Amino acid sequence: MSQFRTFIIALVASFGLPWLCLIVVPAIKYQSLSQVAYDKDRDGLEGLYPPAPINRQGQLIYAREGCVQCHTQMIRPTQLALDGWRKGWGQDQEARPTVPTRSNTLRDYLGEPFAFLGVQRNGPDLTNYGWRAPDRNLIHQMLYAPKSLHDWSNMPSFAHLYTERLAQGQTSIKALKLSKKFAVKEGYEVIPTEEAEALVDYLLSLKKDYPVPGESAAVAAAPAAAAK
Amino acid sequence: MQTSTASPDTQADNLRRAAIDKSVKGPVLFLFLNGAFWLMASTILGVLAAIKQFAPDFLGACSVLQYGRLQPTHINALVYGWGVQVGLGVMLWIMARRSGQELRTGKSVLYVAAVFWNIAVTLGLVAILVGKSTSMQWLEMPAFVWPVLLVSFLAFAWPMVFMFGRAFRPEGFMVSTWYILGACFWFPWIFITANVALHCLPGLGALGAGINAWYVHTVILLFFAPVAIGAAYYFIPKVTGQPIASSQLSQIGFWLLAILGGWTGMQHYMGGPLPAWMPALGAAAGVLLLIPVGVVGLNHHLTTLGKHNLVASSPTLRFVFFGALFYPVSGAILALISNFSTGATLQFTQAWYGFQIVAVYGFFSMTVFGAIYYIVPRLTGCEWLSVRLIRNHFWFSVYGIGTIVVTSLVAGAQQGGDLNSPEMWDQDFMQLALNLRPYIIARAIAWALITWSNVWFLIHLMLMVAGLGRRSSAPTLLEHDHEEVLPQAAHA
Numbered sequence: 001m002s003q004f005r006t007f008i009i010a011l012v013a014s015f016g017l018p019w020l021c022l023i024v025v026p027a028i029k030y031q032s033l034s035q036v037a038y039d040k041d042r043d044g045l046e047g048l049y050p051p052a053p054i055n056r057q058g059q060l061i062y063a064r065e066g067c068v069q070c071h072t073q074m075i076r077p078t079q080l081a082l083d084g085w086r087k088g089w090g091q092d093q094e095a096r097p098t099v100p101t102r103s104n105t106l107r108d109y110l111g112e113p114f115a116f117l118g119v120q121r122n123g124p125d126l127t128n129y130g131w132r133a134p135d136r137n138l139i140h141q142m143l144y145a146p147k148s149l150h151d152w153s154n155m156p157s158f159a160h161l162y163t164e165r166l167a168q169g170q171t172s173i174k175a176l177k178l179s180k181k182f183a184v185k186e187g188y189e190v191i192p193t194e195e196a197e198a199l200v201d202y203l204l205s206l207k208k209d210y211p212v213p214g215e216s217a218a219v220a221a222a223p224a225a226a227a228k
Numbered sequence: 001m002q003t004s005t006a007s008p009d010t011q012a013d014n015l016r017r018a019a020i021d022k023s024v025k026g027p028v029l030f031l032f033l034n035g036a037f038w039l040m041a042s043t044i045l046g047v048l049a050a051i052k053q054f055a056p057d058f059l060g061a062c063s064v065l066q067y068g069r070l071q072p073t074h075i076n077a078l079v080y081g082w083g084v085q086v087g088l089g090v091m092l093w094i095m096a097r098r099s100g101q102e103l104r105t106g107k108s109v110l111y112v113a114a115v116f117w118n119i120a121v122t123l124g125l126v127a128i129l130v131g132k133s134t135s136m137q138w139l140e141m142p143a144f145v146w147p148v149l150l151v152s153f154l155a156f157a158w159p160m161v162f163m164f165g166r167a168f169r170p171e172g173f174m175v176s177t178w179y180i181l182g183a184c185f186w187f188p189w190i191f192i193t194a195n196v197a198l199h200c201l202p203g204l205g206a207l208g209a210g211i212n213a214w215y216v217h218t219v220i221l222l223f224f225a226p227v228a229i230g231a232a233y234y235f236i237p238k239v240t241g242q243p244i245a246s247s248q249l250s251q252i253g254f255w256l257l258a259i260l261g262g263w264t265g266m267q268h269y270m271g272g273p274l275p276a277w278m279p280a281l282g283a284a285a286g287v288l289l290l291i292p293v294g295v296v297g298l299n300h301h302l303t304t305l306g307k308h309n310l311v312a313s314s315p316t317l318r319f320v321f322f323g324a325l326f327y328p329v330s331g332a333i334l335a336l337i338s339n340f341s342t343g344a345t346l347q348f349t350q351a352w353y354g355f356q357i358v359a360v361y362g363f364f365s366m367t368v369f370g371a372i373y374y375i376v377p378r379l380t381g382c383e384w385l386s387v388r389l390i391r392n393h394f395w396f397s398v399y400g401i402g403t404i405v406v407t408s409l410v411a412g413a414q415q416g417g418d419l420n421s422p423e424m425w426d427q428d429f430m431q432l433a434l435n436l437r438p439y440i441i442a443r444a445i446a447w448a449l450i451t452w453s454n455v456w457f458l459i460h461l462m463l464m465v466a467g468l469g470r471r472s473s474a475p476t477l478l479e480h481d482h483e484e485v486l487p488q489a490a491h492a
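Going line by line, the protein sequences match chains A and B.
Quick note on this note's numbering: the first sequence kicks off at 1 and runs consecutively.
Quick note on this note's numbering: the second sequence kicks off at 1 and runs consecutively.
Don't read these hints as lab results, they were simulated from the structure.
Where hints are given, some of them may not hold.
[Stated by the list, open to error] Chain A residues, not near chain B, derived (Cβ > 12 Å throughout):
hint, residue
1, V36
2, K40
3, D41
4, M74
5, W131
6, A133
7, T171
8, G187
9, I191
10, G214
[What the hints assert, rightly or not] Distance condition first, Cα-Cα at most 20 Å in a straight line; then the derived SDA-like pairs of lysine to any residue:
hint, chain 1, residue 1, chain 2, residue 2
11, A, K29, B, P56
12, A, K29, B, L201
13, A, K29, B, T193
14, A, K174, A, R136
15, A, K181, A, I139
16, A, K147, B, D428
17, B, K132, A, E197
18, A, K181, B, P56
19, A, K29, B, G205
20, A, K147, B, F58
21, A, K181, B, R437
22, B, K132, A, A159
23, A, K87, B, Q431
24, A, K87, B, M424
25, A, K29, B, G203
26, A, K147, B, R437
27, A, K180, B, T193
28, A, K147, B, F54
29, A, K87, A, K29
30, A, K87, B, Q427
[What the hints assert, rightly or not] Residues from chain B that keep clear of chain A, each with C-beta distances beyond 10 Å, as calculated:
hint, residue
31, R17
32, K25
33, I44
34, Q101
35, L123
36, L288
37, G306
38, N309
39, G381
40, R388
Quick caveat, the model's predicted, so the values are computed rather than measured.
Using N, Cα and C, we set each Cβ at its ideal position, and we do this for glycine too.
I would like the entire structure built from these sequences, with the hints used as guidance.
Listed below in structure tokens is the structure:
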């Protein structure tokens, strides 16, 4: 029986160590992670980092529709990949930014119950989508009928987040402006549901490249932030 | 030793074996049958998901069938409906046989647990489809499911631990039961950790994503791998009639897996928000795992040496041999996606899917098929009906899985190359989407082949469970001229 006990103890020890180091201790430490303040002299910025939380209601829709299967939310550093140099993937929308978009830190996802870093990258990375997003109506149109913007798109249509209703008098300002091919019947209009609005709010709140306090790259990017 | 040839007390041995088989028969067959059903469901979902990935309008814009919901349902059906479920069945049978213990009490508890397992999986998968997915990998089913799964699992693990404890002998080849006990013990630990961390704690942000990746890797390495290796260690000597080549190698393989397995996972998000040491450790462990994988592969190879004709004739050995062959392949793919150079290219591509499928289907499921071909005739008292069905099952599975593995890896390299191509820095995703398409089409076809093989597997299994198998004392072999080569024990 003592052999049996040794065997069990060895099993517990061999798995317990990584369990403690990778899961338990980091999880406890994470609880004390909080926003930090910018230093006006050093960073040239005021306020807290990260500034604004994401829209949780919309994130739930994002989760439930499985957007993670095709979209990532994580910019990798230049040593590993060219994510940071891709046009529009950061705050700087210039064609050739002077510094690449920075990779992400734990704090960037502060306040999110679970960070949807993603499974596959079949569509563009959405980490900093908020900066490059077109106006709301166009995002709605893309979610309702992705093929109306890119005929090659293999993003599914999320038409079930929209309602089709009889247009009363003048068409609502919220109604999607769809091209002929994707339009609904004459006299009807497509209106986003609350869920669709929340999802778009969430997409617009995706800005995870605010300068990190005390990092030199942050100072270089700061003027652009001030200009916005 | 298991494989000793006929001796005076063979008769008594046979009677004892029959008693053990009888004691676990009901629950084991129940798990196998339900598992086979879920496997078929999962493969059909696999075809649909692949089609939906390149043709999102296929079957209309119905919300339930969208890629983002189908894909997780497909994987969860494969993992919980099929994988863990049949895993439990195989574990229970091998543990009972190997430790020479009957299942004494609590059979009805096992039935209840198995029924609840299936109810929970059904509800969980339907919930994903109707829009309750959590979008955490392998944990997409809503939170109410996991306590049920956990309790059901423990109901099965408990008697196994008892059997093991009663029969524990440090000397002799007990390595298959070591692996199985390990699986009984690791899975609940991993499962509780991940679920508590992700569902009960106040929210771990990006660390949660890391824990999620850890969960997927550890379930593969510390549940699916041990069950399959344990089964291979049991069936290869049993069918070939040769003892395991080296007990030292098997112990090294076991302990290295136990030590390294728990460190993997976080490298899935290399270059991400996790503190750099976490993915670094994961990457190191992922590559170092090549050692235990190689050791076990070598040991299996040495054990089958000179008995390759049996691979052609015995369905069990053929599947187990192929599955065991895929252990090193899975290990190699893990090393490819884990290290920081090729891993960074293959990150966020089809290669990740390829790894999950090669581990869960190519390695684990193929081994388990072999086990099922061995176990079921002993439980039902009749032999498999048709050689052709078994052969079909084998070849369609092999071609299907081969196609998926190869195309996923090549597709991953293609996708990773495109994502990282300096020429594409200001392009939209058109070229990527177009380049990916042929691979996804191949994936759909491969799943269709596998579905075809599994429909027949399910029917064959149903006939066996219904007691409609062949009444004969000779096992169904794939090539009859080799029959007399089979050692006595293979008929037991």
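(request) Sort out which numbered hints this structure fails and list those numbers smallest first. (result) Violated hints (numbers, rising): 4, 11, 21, 27 and 29; every other hint is consistent with the structure.
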